[in-house]
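So the sequences go chain by chain: S and P.
Residue 175 in our numbering sits at position 55 of the first sequence; the count goes up by one each step and never skips.
Residue 104 in our numbering sits at position 96 of the second sequence; the count goes up by one each step and never skips.
Calculated from the structure, these hints are not laboratory results.
Ideal Cβ positions, reconstructed from N, Cα and C, are used throughout, including at glycine.
Heads up, none of these hints are tricks.
Residues from chain P shown here face chain S by an in silico Cβ test under 10 Å; the list is partial:
1. C15
2. N68
3. A75
Within a straight-line C-alpha distance of at most 27 Å, the following computed DSS-like cross-link-like pairs (lysine-lysine) qualify:
4. S:K144 with P:K194
5. S:K144 with P:K192
6. S:K149 with P:K21
Calculated Cβ distances over 12 Å to all of chain P for the following chain S residues:
7. V161
8. V165
9. T186
10. V187
11. L189
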Amino acid sequence: MATTLAYVSAAIYVLSLAIILTTKAFVHKSLLTGFLVCNLVPFVVFLVLSATVTESSLDAAVFRSTVALISDAVRVFGWFLLLQFVLRLKRSDVTAASSAGQ
Amino acid sequence: MLIITICLVQLGKRQSFAGKRWLQTFATLTLIIAAVGFLIGLLAASLPPRFIKFYFDVVNSSLGLAASLAFFMFVLNAKRTGSESTSAHVQLTEPGSLMPSPWLMVPAVLAGLLCIENNTSGTLLQSIAISLTNPGSGGGAARQFARELEVSGTHANLAGGLYLLTAALCIAVAVDFSLRFLRKRKANIATLENN
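Let the hints inform the model, and build the full structure from the sequences given.
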């Protein structure tokens, strides 16, 4: 069940990415795209790992944990991009308000 | 967790914009997933293994799915608000772009879900893939894809689901674009006739 739900979540993220990319004038499109890509990377890594690394040796375990660490780092970077998105929205609002006041 | 919390705080301070609530829901759900996962990791030794398995198999995955749906709703909301050109909220998209309506995404999602859930040998996916890509002679790409599907199992279903999702999305975008283009052309002709 967990795998199916993970697949569905990934498909929804792909769909969101498609909508963002096909919508011409989406504000800070690159930041949202980056966030979604970073969210999808761990999923792709999981798929590739489960398809390629099947042995249970110590080397394979070390490799798995290293890749897991990197994909976690990618996910954190994705959240950093989303934070940037929120902050820039706020900043652009402030700019718009001040210019309206003038 | 720290970055998500900062995101949530900043979102709370932010004035209303299209899909704000959905983005907040998404961030909250992700924070819950991260926090509970962290706690379970800390208490793993004292918790029964069955509980940990149940949590990660059912609860964690469901929360993840709910979070992705919330993000999808945020994107749709931002896009729709842009198309409807409301002035009460801050818009995330410019109004009136030639892009597909959200309802056209429904068949795409359904097709994807159907194929991912389908745990058969891939025969259904094979036939749909061939009919979608080349109903006439059956092109090389479709045949290759069908051969790959015969591997069966989860990966075949995933490949088929994502493939159909993309195909349905492309069709939806093409149909919607054509309809909007025709409508715009009709409106232009009517304006010219009136003038």
